[in-house]
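The task is simple: from the sequences and hints, build the whole structure.
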Amino acid sequence: MTTTSPRMRGLMVLTVLGLLTQALPACSQPSPETAAAGEVAASLEEVPGTDLKRITLNEHAAGNIGLETSATKRDAKSGKLTVPYLAILYDSEGRTWVYTIAGPRVYFRQSVTVERIDGDVATLSDGPAAGTTVVTVGAEELFGAELDVAS
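Residue numbers (my numbering): 1 to 151.
Since the hints were derived computationally from the structure, they do not count as laboratory data. Idealized CB from N, CA, C, for every residue including glycine. Keep in mind that the hints are not guaranteed to be accurate.
[To be verified] Ranges between beta-carbon positions, derived for each pair:
(1) D91 - E115: 17 to 25 Å
(2) G49 - A76: 33 to 41 Å
(3) H60 - E93: 28 to 36 Å
Here it is as structure tokens:
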């Protein structure tokens with residue numbers, strides 16, 4: 001069995017995201033109701049003192065993405081913080097992130113430091129507090145919305 005480094009995995013994810021951003025817009029068109037109302041799927045709010053943005057999804061967009069979440073936990077043996085590996089995102093510079101929930105349909109990208117990956121669990125040396133809800137499915141879509149890759 002071969003293993004892929006986290007950096008290489010991150011580059012692969014970004015490559016796939018780049019390809020999807022080119023192909024997916026042609027796959028669906030906004031419904032007439034949405035287009036007529038001029039409703040925006042996601043609004044972005046700058047977070048003072050950072051380069052990050054808080055993402056607020058409208059109800060329709062939140063349902064379409066099919067977001068799933070999980071809570072960060074402390075490992076019983078080591079006491080280290082863990083998250084499902086699905087929650088980890090890699091940016092183009094190899095930095096690691098998770099999306100946390102900041103309110104109803106409001107998401108915030110938070111930096112994490114991955115110490116180890118064991119199967120489907122990432123052990124963190126730095127990240128959100130134990131019990132924090134993180135996005136496990138749909139985080140890539142949030143990342144794309146935050147970086148505004150569709151425009």
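Here's how the hints hold up against the structure:
For the hinted restraint 17 to 25 Å between D91 and E115, the CB-CB distance of approximately 18 Å keeps it satisfied. G49 and A76 have their C-beta atoms about 36 Å apart, which keeps the hinted 33 to 41 Å range intact. Distance hint check: the CB atoms of H60 and E93 are about 33 Å apart, consistent with the given range 28 to 36 Å.
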